[in-house]
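A.B. asks: So the chains spell out like this:
Number of protein chains: 2
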Amino acid sequence: MTATEVAADVLAPLAIDLPAVERGAVLPRGFVAGASTCGIKQSGRPDLAIVATSGGPASVAGVFTTNTFAAAPVRLSQRNLGTTHAGVARAVVSTSGSANAATGAAGDADQQRIGEAVAGALGFAGQPEHVLHLSTGIIGTRLPVDRVVAGIATLASQLSSTDDALLAAAEALRTTDSRTKVSTTSITLSSGDIIVSGIAKGVGMIHPRMATMLSVILTDAAVEPATLHAILRGAAARTWNQLSVDGDTSTNDTVFLVASGASGVQVPRETESDARDMHSFAKAVEAVARDLARQQAADGEGASTLITCQVSGAIDDAEARAIARVVASSSLVKAAIHGRDPNWGRIVGAAGNARLADAALLEAAGIDAVSATQRAGRAATVAPDRLRVSIAGHLVFDGRNSGPIGFDRSAARAAMEASEVVIRLDLGLGDGIGEAFGCDLTEQYVIENSEYTT
Amino acid sequence: MTATEVAADVLAPLAIDLPAVERGAVLPRGFVAGASTCGIKQSGRPDLAIVATSGGPASVAGVFTTNTFAAAPVRLSQRNLGTTHAGVARAVVSTSGSANAATGAAGDADQQRIGEAVAGALGFAGQPEHVLHLSTGIIGTRLPVDRVVAGIATLASQLSSTDDALLAAAEALRTTDSRTKVSTTSITLSSGDIIVSGIAKGVGMIHPRMATMLSVILTDAAVEPATLHAILRGAAARTWNQLSVDGDTSTNDTVFLVASGASGVQVPRETESDARDMHSFAKAVEAVARDLARQQAADGEGASTLITCQVSGAIDDAEARAIARVVASSSLVKAAIHGRDPNWGRIVGAAGNARLADAALLEAAGIDAVSATQRAGRAATVAPDRLRVSIAGHLVFDGRNSGPIGFDRSAARAAMEASEVVIRLDLGLGDGIGEAFGCDLTEQYVIENSEYTT
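Residue numbers (our numbering), protein chains in the order written: chain A, 1 to 454; chain B, 1 to 454.
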C-alpha cells in the first residue's frame with residue numbers, strides 16, 4: 001500500500017504486511033516441552049515449565065526489561081547470553097508465583113541453583129549457562145528453591161515433543177491471565193517450510209501480584225544468533241514496545257526467540273546475496289509477536305475492549321509509532337473508549353503530546369545511531385491543519401477542513417460497541433506508518449489494583 | 001538540612017525550605033480584578049475574569065503547555081510576550097467553558113477580538129498585545145465571542161482592588177474543580193514587604209470536558225521580566241512539572257507571573273551584588289506555586305487522597321525529581337494508595353523505570369545546556385542495594401539489609417488512612433532531593449471519564 005492510498009482512506013484499518021497466524025500451540029521440530037506443579041503457587045496450579053532443545057544447542061536471542069530493578073532471572077539470562085544478548089542455549093525454564101525480584105544475593109543464588117538443576121537433569125551438567133530463565137509473580141519473595149529443584153528433576157523426564165506439551169508450558173506461564181496466549185505461523189522459504197510459534201503471558205505490570213510479561217518464540221529454522229537478535233529487536237519495537245496497559249514496566253519482562261534449526265532450512269544473513277528468506281522469516285516472527293501482543297492487550301486487567309491505534313502519513317515510522325503509542329496509552333482516551341464516547345478532543349490532545357522514544361529504542365527500530373541520539377525524546381511532528389482522525393470507521397476530525405466536523409454521533413457510538421476499536425490518524429505529512437495496542441480503562445482495573453494484595 | 005540528616009531519617013517528610021503560605025485571596029497592590037457571567041457556560045456560573053494593573057504596564061513571564069495543539073489563547077499570549085515568554089502586560093483575561101482549542105483560524109480571530117475588547121475597555125486601545133489570555137473548557141467549540149466582548153465591556157467598569165475581587169476571579173477560573181484554589185504569602189526584603197498571591201484551577205487534563213490547568217501569580221514587587229521568567233521556570237520545574245493526575249497534558253495549560261511593582265520594593269537581578277532578595281522572592285513564588293500544585297493534586301478527578309512522593313539521597317535534584325515523578329504517576333502505586341495497601345513492590349518497580357526529563361525541562365531546573373542534552377531521557381540512577389522506602393512513616397524496604405523487611409502491616413495501613421500519604425525514598429547516593437504530587441486512582445475517576453461527554 002502506498003502512502004497515497006493510505007492517506008486516501010483514513011476510515012479503513014491499515015493493511016499490515018505480515019503473514020497470517022493461528023491461535024494454536026504448534027511445537028516446531030527440534031524442541032521438547034512440559035509443565036508441572038512444583039509448589040510455588042498456593043493455588044496448586046501449574047507453576048513450572050521447561051522448553052528444551054532435543055538436538056543440542058540452539059541459536060537464541062533475548063530482549064529484556066529496562067527496569068533498573070531487573071530480577072534475578074533477567075540478570076542471569078543476560079549474563080548467560082553475554083553483552084550481545086544473543087548466543088546459544090539448550091533450555092528455557094520458567095517459574096510462576098514468585099518473581100525473584102528485589103531478593104538480593106540470595107535470590108541470585110536461588111536462580112543459579114535452578115539453572116544447575118535444569119542442566120543436570122537434561123544431561124548437560126557443567127553448562128548451566130545454556131539455561132535461560134523466566135520468572136513472574138510476587139516481588140520481594142524468595143522462590144521455594146528446594147521444591148523447584150525437585151520439580152525440575154521430575155519434569156525433565158516427562159518432556160515431550162507434542163503440541164500439547166507446548167500448550168501446557170503456555171498454561172504454566174499464566175498467573176492471573178484470563179486466557180492462555182499462543183500464536184503460530186508457517187511459511188515457505190527457498191529451501192523448505194518452517195514454523196514460528198510463540199507463547200506468552202501477562203503484559204507490563206497489569207498483574208502486579210503476579211507481575212510481568214513473558215514470551216518465548218520457537219522456530220525450527222536454522223538462524224545465526226546475531227540475525228535472530230536483530231530480527232527480535234525489530235519485531236519487539238513494532239509490537240511489544242507499542243503495547244501499553246497501564247504504563248508500568250515490570251522487573252521481569254523477557255522475550256526469547258529460539259531457533260532449533262531442526263527443519264534443515266537455513267535463514268541466511270541479511271548481508272548475503274538473497275535477502276528474501278531473511279525478510280520472510282522476520283515477518284513471520286513479527287506476525288507471531290504482534291498477535292501475542294494483541295492477545296495481551298485484549299486481556300489487560302479489567303479490560304473489555306482492545307484499542308488499536310493506527311497512524312499513517314507521519315514523517316517516518318518512528319514518529320508514527322510514537323503518536324500511536326501515546327494515543328493508545330492515554331488514560332482519558334482509554335476511559336472514553338470504555339464509555340463508547342467518540343471523544344476526538346482527547347485523541348487530538350494526546351497526539352499533540354507525543355514524543356519520540358529514547359535512542360536505544362529508535363535504533364532498535366532501524367534509525368541510525370547519530371540520528372537516534374539527536375531525535376530521542378523530541379516532540380513528534382503533527383500539523384493540526386493536516387490531521388484527520390477516524391474512530392471505528394467514522395471520520396471525526398479533519399484539520400484540513402477547519403477541524404471539528406459534523407458526524408453521526410449515534411452511529412459512531414454504535415460502531416464502538418465492539419471487542420476491538422480502531423482509532424485511525426492520518427497526519428498528511430509523509431509515508432510513515434505505525435500502530436499501538438492498548439485496552440480500555442475500567443472500574444474493574446481500579447478495583448483489582450486497589451485491593452489489599454501484599 | 002544536610003544530606004546526612006536527610007538520609008538518617010527516611011521516615012520523616014523532607015523539610016522543604018520555603019516560606020509559609022496561607023490559603024486566602026490577597027490582592028497585591030497595583031492590581032484590580034473582577035469576574036462575571038457572560039454566557040459561555042450553560043450552567044450560568046461565572047465564566048469571565050479579568051486581572052489588570054492599576055498603574056500601567058507590569059512585568060510578566062509565562063510558562064505554557066508543550067502540546068503541539070496549543071490553543072488559540074496560548075498562541076496569542078506567546079506571540080504577545082515574544083520568544084522570551086517575558087515582557088510587559090496590563091491585563092490577563094480568562095474565559096471558561098470553551099477551550100478555544102482546535103478551532104483553526106476562526107478561533108485565532110476570536111481570541112484577537114477579545115484582546116482588542118479588553119484593551120479598549122481598559123483604556124489602552126491600540127495595544128492589545130498588552131493583554132494575556134487564558135481559556136479552558138471544551139476542545140473544538142468556538143467561543144460565543146459577541147457575548148464575551150459584551151461581557152468584557154461591562155466587567156471592565158466593575159473591577160476592584162479588593163481581596164474579594166481576586167477571589168471572584170479565582171472562582172471564575174473554575175470549571176469542574178470542586179474547590180477554589182488560592183494561596184498567598186508575604187515576605188520582607190531589604191527595602192520593604194511584598195506580597196505574592198496565586199490563583200489556579202484544574203490540573204493537567206483531569207477535567208476533560210473543561211480541560212486545563214491555569215494559574216496567575218501576582219506580586220507587588222518590582223522585578224524585571226527576564227528575572228521573573230527565570231524564577232517562574234525554576235518554580236514550575238519543582239512544582240507543576242512534578243504534578244500528575246493522569247499523565248495527559250492539555251492544549252491550554254498556562255501560568256503567568258505578574259509583578260506590578262506597586263510596593264516600590266525592588267527585586268534585583270541575580271547578577272547584582274546582593275542576591276539575597278532575589279532568592280527570597282524566588283522562594284516566595286515557589287511556595288505559592290507549590291501550595292497551588294498541592295491543592296490541584298488533592299482535587300484531582302475522583303481523588304480521595306493526596307500522594308506526596310519525596311526523594312532524598314539522589315545524585316542530584318533532577319534525578320530525585322524524576323524518580324519522585326514516576327512513583328507519584330504510576331497507576332499501580334495510585335491504585336495501591338487508594339486501597340491503603342503498603343505495596344512497596346510497586347514503588348520500587350516504578351522507581352526502577354524513572355527517566356530524566358527532556359533537555360528543556362532539565363535546563364529549566366538549572367542543569368547546564370550541554371549536560372541537559374547528554375542526560376535527557378536517560379535512566380535515573382537507583383542502586384537497589386542502597387534504596388530505602390517508607391510509606392506514611394513506616395519503613396517498608398531497606399535495600400542495605402537485603403531488601404524486603406518485616407513491618408507492621410496493620411499499623412502501616414492505619415497510617416495510610418489519611419487525606420495525604422507521604423512516600424519517602426532515600427537513594428543513599430548523593431545530596432539530591434525532590435518531590436512530586438499526585439492523587440489516588442479511584443473507580444470514580446473512571447466513571448467520570450468514561451461518561452458520554454462530547
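Think of the hints as simulated: they come from the structure by calculation, not from any bench. Keep in mind that this is a model prediction, so the values were computed, not measured. Where hints are given, some of them may not hold.
Note that the list lumps identical chains together, so a pair holds whenever it fits in one copy or between two copies.
[Stated by the list, open to error] Calculated lysine to any residue pairs in the SDA-like style (CA-CA distance at most 25 Å, straight line): (1) K41 / I405; (2) K283 / L167; (3) K41 / T271; (4) K41 / S402; (5) K41 / G339; (6) K283 / G123; (7) K283 / D431; (8) K41 / S371; (9) K283 / A414; (10) K283 / Q266; (11) K41 / F407; (12) K41 / G406; (13) K41 / R409.
A.B. asks: At most 25 Å between alpha carbons: which applies to K41 and G406, within, between, both or neither?
C.D. replies: between (54 Å within a copy, 21 Å between copies)
A.B. asks: Checking K283 and G123: alpha-carbon separation at most 25 Å within a copy, between copies, both or neither?
C.D. replies: neither (35 Å within a copy, 68 Å between copies)
A.B. asks: Checking K283 and A414: alpha-carbon separation at most 25 Å within a copy, between copies, both or neither?
C.D. replies: For K283 and A414, the Cα distance exceeds 25 Å both inside one copy (35 Å) and across copies (54 Å).
A.B. asks: How would you label the pair K41, R409 (within, between, both, or neither) given a Cα cut-off of 25 Å?
C.D. replies: between (48 Å within a copy, 22 Å between copies)
A.B. asks: I want to check one pair: K41 and I405. Are their C-alpha atoms no more than 25 Å apart within a copy, between two copies, both, or neither?
C.D. replies: between (54 Å within a copy, 21 Å between copies)
A.B. asks: Given a CA cutoff of 25 Å, do K41 and T271 count as a within-copy pair, a between-copy pair, both, or neither?
C.D. replies: neither (47 Å within a copy, 64 Å between copies)
A.B. asks: At most 25 Å between alpha carbons: which applies to K41 and F407, within, between, both or neither?
C.D. replies: between (52 Å within a copy, 23 Å between copies)
A.B. asks: State whether the alpha carbon distance between K41 and S402 is at most 25 Å within one copy, between copies, both, or neither.
C.D. replies: Between copies only: 23 Å across, 58 Å inside.
A.B. asks: Check K41 against S371 for me: Cα-Cα at most 25 Å, and say if that holds within a copy, between copies, both or neither.
C.D. replies: neither (47 Å within a copy, 48 Å between copies)
A.B. asks: Check K283 against Q266 for me: Cα-Cα at most 25 Å, and say if that holds within a copy, between copies, both or neither.
C.D. replies: within (16 Å within a copy, 67 Å between copies)
A.B. asks: Please work out whether the CA atoms of K283 and D431 approach to 25 Å or closer within one copy, between two copies, in both situations, or in neither?
C.D. replies: within (20 Å within a copy, 49 Å between copies)
A.B. asks: Should K41 paired with G339 be assigned to within, between, both, or neither, using CA atoms and 25 Å as the limit?
C.D. replies: Between copies only: 24 Å across chains, 36 Å inside a chain, cut-off 25 Å.
The structure does not agree with the numbered hints 3, 6, 8, 9 stated previously, though it agrees with the rest.
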